[in-house]
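*Asks:* Please build the complete structure, drawing on both the sequences and the hints.
Keeping their order, the protein sequence lines are chains Z and B. In terms of the working numbering, the first sequence opens at residue 1 and continues consecutively. In terms of the working numbering, the second sequence opens at residue 378 and continues consecutively.
Quick caveat, the hints were computed from the structure, so don't treat them as lab data. Honestly, I wouldn't trust all of these hints.
As the list claims (entries may be wrong) - Output of the computed footprint for chain Z on chain B, the stretches with three or more beta carbons under 8 Å from beta carbons of chain Z:
1. 562–575
2. 578–584
3. 589–600
Each residue gets a CB set at the ideal place from its N, CA and C atoms; glycine is no exception.
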Amino acid sequence: MENGTSPANSAPGARPSVLSIESATRRFGDVVAVDRVDLAIGQGEFFALLGESGCGKTTLLRMIAGFELPDEGRILIDGQDMSRTPPYDRPVNMVFQSYALFPHMSVAQNVGYGLRQEGMARSERDDRVAEVLSLVELSALAKRKPHQLSGGQRQRVALARGLAKRPKILLLDEPLGALDRKLRERTQFELMALQARTGTTFILVTHDQEEAMTMSNRIAVMRAGRIHQIGPPRELYEDPNSRFVADFIGSANLLEGEVLGTEAGTARVRLQAGGHTVAIESDAGASFSKGQPVTVMVRPEKMEAGRQAFGGPNELTGQVVDIAYLGDLSIYHVAIADGIKVQVAMANRQHRQGKPLERGEGVHLAWHPGDAVILTE
Amino acid sequence: MSRDNPHASHAGRRLVTGVPYLWLLVFFLAPFAIVFGISLSKARFGVPPYEPLLQNGEVIAQWGNYAFLLEDPLYLTALLNSIQIATTSAAICLLIGYPMALGIARAPDRWRSPLLLAVILPFWTSFLIRVYAWMGLLKNEGLINSLLLALGIVDQPVQMLQTGFAVHLGIVYSYLPFMVLPLYATLERMDLSLLEAASDLGARPWRAFLTITLPLSLPGVVAGFLLVFIPAVGEFVIPELLGSSRTIMIGKVLWTEFFNNRDWPLASALAVAMLLLIVAPLAWLESLRVRRRGAAR
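*Replies:* This is the structure in structure tokens:
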């Protein structure tokens, strides 16, 4: 999916923000689960909170739902301060990781539960339940009990129940975690279609970067209770702001070095590995000082490996130590200095022409100056 | 394992389930058959105090004892009284026990075991001694009345012992753990994310309790109610010690027939009738429940 150009990727300033989190903190004893998080999410966004387990993403989601109250900071939903509002008075709904379907109620009763609490009239409620059930293609199963459904069907009931009240925000806590791989991939696209159709703001919590990249307009990468970077998937991948994000999203070659000088938006960096000097285009070029230690990040697929020298500004030499043949791609592990290896991913475009690189061969590596990123954090 | 030697595992299974059934056969069904046999015979003076069923190679069985149970209103009154006392006692146990069980189930982990222990603790002392202790508390010159008099709340002792109040109190006190434990078991098992989901969907805590917690704990409510109701119907010690002579319960009547009137056949008929009257409806309810669950699957 081409996320980079869709208007949904612009910062929420372009559209009214439906959720603003201001310096929210939540502690459990000595552990700071959520640490001074600032976040604004625009109306209609599909937003992902991404991080490993224990990074605070679920706590942050539960703070938005109202199950956890912030120790400090504020949570504004649609401009209203709801930091202290109990869950039952917040215009947000949640799809639980375990789905939390009421086992003693039918599918229709589960979906209608929230409407009933609202005091909606029976006939209107029935119409709405029918409407949401058809949205998730479960109309035929309205009378079933949860234990008579498959995992995928339960997940859709949970979704329908969350959408039935037409919440301002739908919170999804690892909604695909309990599904098998094939169903998960299909459901990703169903979720995106559902989000587009209802126009509801979705906030997704996941530890799966592929899931976050596939579905969301913007992603916040969290670690140790803090948000490290927020941006569209493309930006996080191409322009990570830290070693952590670079390493967390996709795979990255991180090469330590020091800045020799900058001119015309290009920084020259001497790498520790082999003492090579490389040139990296950088918007922040001017802000580097001479001798500043930095990390150069090059994605494996942006590097090229070959037997002959490429003659470009960035050229390393090394030895192939390992090859992973994946069919469409081959990943070459190349040692460029003692103990320092880089990964090069190259598409296997040709079948019979040319002899593929072999283990133990000496190779030249190259990349375009615009394809690497200088990281200082 | 079972595939290698199915016969051995079958035999093993039969042995494991067979022992308890053998126990029931020897100590429940056999005595029940004997009691049923006695109920069909005639009373007489002597040892044993009933005529043998088998006389001169002929079986002499008669239903006269059962007919008499219907003729004398004492037995029906005693039965209805027992059911009424057992029902109200079980209901009071439910009202007290439900909040207790809920409180324990939702208490922090480290509090749960001590609280449960406190519920079971009275069982360390003999049931009989605890009922006697209540006599000491409730009698006119007992602890409660002395205290009320000393504080000037009453001018003369309040008659508590030998009243229906004391019988109810005794039953509720004695059987409360049987209500709390099954309730605790169902409430503790409950998935708390269901309550979060209810709250998330707009249900205030009280609504969430009524629509989620209560319906899901119904099996515990039924189990607890029956565990209190069934022994309470046949209760003898509590009405004997705490009740008055006017508190007629079926267990007391049974005792009187056996040991005071020495009419074993009539007492046996009463015992059999009581068992059938209580067990049959419960067995029917249970079969309904099993069938409904089978249909739901």
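*Asks:* All hints, please: hold or fail.
*Replies:* So, going through the hints one by one against the coordinates:
1. Look at the segment 562–575 of chain B against chain Z: 6 of its residues bring a Cβ nearer than 8 Å to a Cβ of that chain, three or more, so the hint holds.
2. Given a C-beta distance limit of less than 8 Å, the hint that chain Z covers the segment 578–584 of chain B holds, as 5 residues qualify and 3 suffice.
3. Only when three residues or more bring their CB closer than 8 Å to a CB of chain Z does the claim for the segment 589–600 of chain B stand; here the count is 3, and the claim holds.
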